[in-house]
Amino acid sequence: MDWLAESFRRIAALWRRDRISSDLEEEMQFHLEMKAQENRASGMSDEEAKRAARLDFGNPTLALEDSRAAWRFTLIDRVIQDTRYGVRTLARSPVFTAAVVLTLALGIGANTTIFTLIDAVMLRSLPVKEPQDLYVFGASLSSGTMYADEYGERHTSLYSYPLYRDLRDHTEAFSDLAAMSSYEINAYESPGDMAPGGSTSAAEARLVTGNFFSLLGLGAAHGRLLNPRDDETPGGHPVVVLSHGYWVRRFGEDPAAVGRTLRLNGTEYVIVGVARAGFDGVTAGSVTDVWIPMAMQSQLIREPSSLDDRGVMWLRTIGRVNAEMTLEQAQARTTQLFHDLLFEEAGSEVTPEIEENILQTNVELVSFAGGFGGLRQSSSSQLLLLMAVVGLVLLIACANVGNLLLARASARQKEISLRLALGSGRARLLQQMLTESMLLASLGGVVGLLIARWSADFSLMLISSRPDIPLELRFDARVLGFTVLVTVVTAIAFGLAPAWRAARVDFISSLREQGSGASARRGRWSLRETLVVSQVAVSLLLLIGAGLFLRSVQNLRAEEIGFTPEGVLLVDVDPQGGGLAEEQLLGLYAEVLERLEAIPEVKSASFSYYTPFSGIGWRTGASVDGHEPQSPDDLMIRMNAVTADHLETVGIPLLEGRPIRPEDIEGAPRVAVVNQAFARHFFGSESAIGKRFGIDGSDSARDILIVGVAADIKYYDVRDEPLRFVYFPVAQLVDYLGSIEVRTDGDAAALAPVVRAAIADVSRQLPILGTRTLTAQVERTLHQDRLFSRLTSLLGMLALLLASIGLYGVLAYSVARRTDEIGVRIALGAGKRQVLWMILKDGLRLVFLGVFFGIPAAIAAGQLTSSLLYGLEPTDPVTILVATLSLTAVAAFAGFLPAWRAARLDPVVALHRS
Amino acid sequence: MGVIRGSKQNEFLPGTLDMLLLRTLMRGPMHGYGIAQFIRQRSDDVLQIGEGSLYPALQRLQVKGYISAEWGLSENKRRARFYRLTRKGEKQLELEVESFDRVMEAIAHVMLPG
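Same order as they appear, the protein sequences are chains A and B.
Going by our numbering, the first residue of the first sequence is number 1, and it counts up by one from there.
Going by our numbering, the first residue of the second sequence is number 1, and it counts up by one from there.
One should not assume that every hint holds.
[To be verified] Listed next, the stretches of chain A that the computed footprint assigns to chain B, with coverage defined by at least 3 CB atoms under 8 Å from CB atoms of chain B:
no.	region
1	4 to 13
2	62 to 76
[Said to hold, decoys possible] Part of the chain A face toward chain B, derived, beta carbon under 8 Å:
no.	residue
3	Asp23
4	Phe30
5	Gly58
6	Trp837
Simulated from the structure, these hints should not be mistaken for lab results.
Backbone N, C-alpha and C fix where the C-beta goes; we use that ideal spot for every residue, glycine too.
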């Protein structure tokens, strides 16, 4: 490592240059005087002695120079020298510099912005110890306990507490397994104190096993985190850990909060600690406020405990894999253990059918390094596509800058020739030109970072369906590294060709050449023209892409959703959080509805478990006499529990039979309304009215009578195929209903205060979480598509703008070089039109060539995006045509400007100039 | 092995100047003038190191880390820069002496009559 220490000493010397010189000077002065003294001692006069010493010494300047040279670090010296020179050169042409820096900043900024999103959503790991060793059992985020992957293999993702415990106690593949509730639970401090009509905000609570934090390897900011001793006796551990964010919001960072009590859903919890800042839970895009031991489940949800119930699957299981295990081994062992446990559980009742069922089910281990990736799954493909788009925009920007530099290199030919003639090496010149490019790119990179910083919040809206998505965008080392990389690549991309070109200048002919020169090369294919053609091609590709997404969104919006959302106000409520017992629920629902329907503007009102496009789902299995299931999915249905007027209020047409009525109560015959898809699937062309079916979970009797058939509606996404759906009267399936729907003829949003007040008036034990219109809820699901299409349109237009500037630049430059020629032509009688056409023709030739390459490229690239399109093919001819025409029109305008200027040349002025 | 004074070139056998400087500094810290004097006197005026070679060589040795420099007072109480051999320099000197001996031996063999 000698060279390293040596380089280090040389670099350190850079800062002491002046000191080194003065030291050497003083030292040599001393040497001279000592010599003179010696001479005097041998009898010379003072004068003579000094003179002889100087003569003897030789050339002190040369000695000094040689000595200094010993310290020189050639490479760095040159870089510094080049940078200084570059700064001076750029400062001399501020307009050029500003144009280039701005172009690059837009390109680099857009790239950094998208990468920041990708970093936050897809790349970042949980801030825990060795996240790469963490795995979660099962990938699915759906509420089902089992799901089939694309190969039809069945996996499990949710577990009962007893099953989790067995897995934990017997696992060999994992050093430890922890479990957590698969959902956040609303925890209210004191719903009774709620102001009338006001909302109350809940803390998002997660139930976790006692080893959750030790498994993750997390530390506490204050106090302590949970440990296994906090999770032994059901109901016996009223302790809570706060997230750092919640501690800041709720307790104003008061360290004394630790040790205090916090009343949540009616139980007093002792705050034992605050988790470290930065750990907001394990799901990208959502936060947990408090963590409560699993043992407190019953107290927190105010329902009987399901800790001993093997039938309730509600836990996600995560584990830290043993170091010596490969993933395959761990997966095989865990599945084996899972099978053993299920067989043990089934005991002697194992029929061949059950056995087959068990053996078909696997435990899939999915990396948990990044936590749960709700966002990761929903927006990766769009993000990656955007990354490609901004990459292309940057490419166009590079081509523009490259073009500008080429033009400048021609203008600087004299300077370069002079330097070559004076003995400057070509490699040295190349280095100098590249340093200048690097300087420009770095400035662009810095400004780009500022742009990215500013646009980060805006870009968050792109991936969120809500404006308040708690996702932290960070400019961490990875993002900065990415920006630096992009900057360097950019500098090389736009700088290499012009630098190479400049360094190859033939200085003799170039010095001899005078003025702007009549010998401007014609007919030959120049690098600048190639750049413009590729710019046109790439921007056409982007324009076509943007057009496809635009039309796709139009198609989505035009899609029938099957119901009438206009005029419906939705109110999210939480009867469970209010501490209501199940017996009180039906009375409360009736009272609230009666009160709401008394409001003059209200046409009808209803309660339901969830509404269309709320993102919530409730799946179960159905059984129908005479229907032989082909697969477990064959019996899967979606269900909802509703009050009488739900269909009418939401605007779902009833096609046959009757709706659910208030008479459908406990004790009356069990009834349901199904949708067309359900009827078609189970009963084919026969009418479903009067048929009976059963559902899983309830008693196995297939005695639910179908009294009505409702129209199919879209329930989650307008892209969906109709799902099999059943509406049950809530009175026969008592449950906590979280949604109130209110229909009015007027403005639904304006009704919100009245509705809130009415609900609060009936009961203060019914917390209102929020209100919104059903229209907004439906639109929200298209929000992402719309923003995506807007963004691609914006980028497409940016690309077109840059390409047009490029075309304008090339033509304007060629007009400037051909001034003499054009002047002669006009003097010899060429008409304005002829001249105009001559120049415009050059431009159009480039545009058509760009289109010629651009359309096939767009069609090829379109295949990658087809999964994101709706209702049209990537080869959609209308889109391609419109994009091509708009591009040609804009480009023709860009070309027209210099052509027009050429046509208006005064031949006298033009010829005088040369 | 004559020396052309004031010449930029190093007329010693390649590398011998560095070796001579390092060897001289084995005696203790010295300033540049002292080093030149010492080598001249020790070689009975045969080896005269020009300042044009001396100071660049001293800088080179510093960059390589074989010697270090610090300001001090000379015999006649004047400020002068003293050079001192480092541990690394000592090791380097050993290596150079070894290879110098080998070369001298080889030359002697060649020059030997018969």
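Outcome of the hint check:
no.	hint	verdict
1	4 to 13	holds (count 5)
2	62 to 76	holds (count 9)
3	Asp23	holds, 6 Å
4	Phe30	holds, 5 Å
5	Gly58	holds, 4 Å
6	Trp837	violated, 68 Å
Checked against the numbered hints above, the structure breaks only hint 6 and satisfies the rest.
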